[in-house]
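> Model the full assembly from the supplied sequences, consistent with the hints where possible.
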Amino acid sequence: MVSAIYGALSAIENFTGTIWGLGREPIAFLAEAIIRKGITFGGHHDIVQDMIVGHLHIQLAQSAAMVMLVAFRTSKMSGKLYQVVLTITPIGVITLSYGAWVLNHYIIWVGAGLLILGTLTMSITGLKNIVKDKLGDAYENASRGKKLKALFSEPVKMSYYYLLMIAQLLVMPQIYVGLLVDDYYRLPEMVTLEYNFNVAHWHQLAVMIAVALM
Numbered sequence: 416m417v418s419a420i421y422g423a424l425s426a427i428e429n430f431t432g433t434i435w436g437l438g439r440e441p442i443a444f445l446a447e448a449i450i451r452k453g454i455t456f457g458g459h460h461d462i463v464q465d466m467i468v469g470h471l472h473i474q475l476a477q478s479a480a481m482v483m484l485v486a487f488r489t490s491k492m493s494g495k496l497y498q499v500v501l502t503i504t505p506i507g508v509i510t511l512s513y514g515a516w517v518l519n520h521y522i523i524w525v526g527a528g529l530l531i532l533g534t535l536t537m538s539i540t541g542l543k544n545i546v547k548d549k550l551g552d553a554y555e556n557a558s559r560g561k562k563l564k565a566l567f568s569e570p571v572k573m574s575y576y577y578l579l580m581i582a583q584l585l586v587m588p589q590i591y592v593g594l595l596v597d598d599y600y601r602l603p604e605m606v607t608l609e610y611n612f613n614v615a616h617w618h619q620l621a622v623m624i625a626v627a628l629m
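Counting with our numbering, you get residues 416 to 629 for the letters of the sequence shown.
I should point out that these hints are in silico values taken from the structure, not numbers from a laboratory.
Possibly wrong hints are sitting among the right ones.
The list that follows gives simulated cross-link-like pairs (lysine-lysine, DSS-like), each with its CA atoms no further than 30 angstroms apart [unchecked claim]:
#1 K495 with K547
#2 K572 with K547
#3 K572 with K495
#4 K561 with K543
#5 K572 with K549
#6 K564 with K543
#7 K491 with K549
#8 K562 with K547
#9 K564 with K549
#10 K549 with K495
#11 K549 with K562
#12 K561 with K572
#13 K562 with K491
#14 K543 with K572
#15 K491 with K561
#16 K547 with K491
#17 K564 with K547
#18 K561 with K547
#19 K564 with K491
#20 K495 with K562
#21 K562 with K543
Using C-beta positions, here's what the derived DEER-type ranges look like [said to hold, decoys possible]:
#22 Y497 with L594: 49 to 57 angstroms
#23 L496 with T431: 26 to 34 angstroms
#24 L563 with I427: 48 to 56 angstroms
Model, not experiment: these values are computed from the prediction.
C-beta: ideal position from N, C-alpha, C; glycine also.
Structure below.
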């Protein structure tokens, strides 16, 4: 809700100029273009631009965390491992959200790291439980081939957990780029590279979230 209000305020200021009175032109723009303009012209972002960038980071990350929490219900995790993962998840969400608000990629990395650990653990547990449910008492003595066959016999569930797992592997290099963004990717000669990376990064995660929800 805080992030949604964040985005709403920035949109109102951008199109009406009735909050801070910055005198901005009432135009629509891409968040990626905000970053590109700041690099190309050497200017600093105003409060509206910073709020939009933070808003998009938070909304996307919290949507991903929501999908992860839904998956917890189906993965059949239990015991201390489940309690640990459930504990670090809200900590990760809060930390990541704060990092996005202050636009600090190091803080974002800490929050995202906790969510990555939780999601990987949940995904592996979910895949393992698919096989256990399918084989029942024969699980312990089953060969790898039988376990793999049992896994593929539930294509929807398997694809769900696999998608959540592979998404984390895709997020890791993206976080790495975020950590180096000021030292390397914000150089004038890297403008197009960072612009294209941002477009791919946000769209890739959004599509994965949508597919997981389907």
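> Does K547 lie within 30 angstroms of K495 when you go C-alpha to C-alpha?
With a Cα-Cα distance of about 20 angstroms, the restraint between K495 and K547 holds, given a limit of 30 angstroms.
> Holds or violated: K561 with K547, Cα cutoff 30 angstroms?
11 angstroms, holds
> Given the proposed pairing of K564 with K549, does the C-alpha separation stay at or below 30 angstroms?
10 angstroms, holds
> Between K562 and K547, is the straight-line Cα distance small enough, at 30 angstroms or below?
8 angstroms, holds
> Mind checking the alpha carbons of K572 and K549 for me, to see if they're no more than 30 angstroms apart?
12 angstroms, holds
> Would the pair K495 and K562 pass a check requiring their Cα atoms to be no farther apart than 30 angstroms?
26 angstroms, holds
> Need the status of pair K564, K547: alpha-carbon distance at most 30 angstroms?
12 angstroms, holds
> For the pair supplied as a hint, K562 and K543, is the alpha-carbon distance within the 30 angstroms limit?
OK: K562 and K543 at ~9 angstroms, within 30 angstroms.
> With 49 to 57 angstroms as the target window, see if Y497 and L594 comply at their CB atoms.
The hint (49 to 57 angstroms, Cβ to Cβ) is violated, given that Y497 and L594 are roughly 31 angstroms apart.
> Compare the distance between the alpha carbons of K561 and K572 with 30 angstroms, and conclude whether the hinted pair is satisfied.
17 angstroms, holds
> Given the proposed pairing of K564 with K543, does the C-alpha separation stay at or below 30 angstroms?
Measuring from Cα to Cα gives roughly 12 angstroms; hence the hint holds.
> K549 and K562 were given as a pair; does the straight-line alpha-carbon distance stay at or below 30 angstroms?
Given pair K549, K562 holds - Cα atoms ~9 angstroms apart, limit 30 angstroms.
Hint violations for this structure: numbers 22, 23, all remaining hints satisfied.
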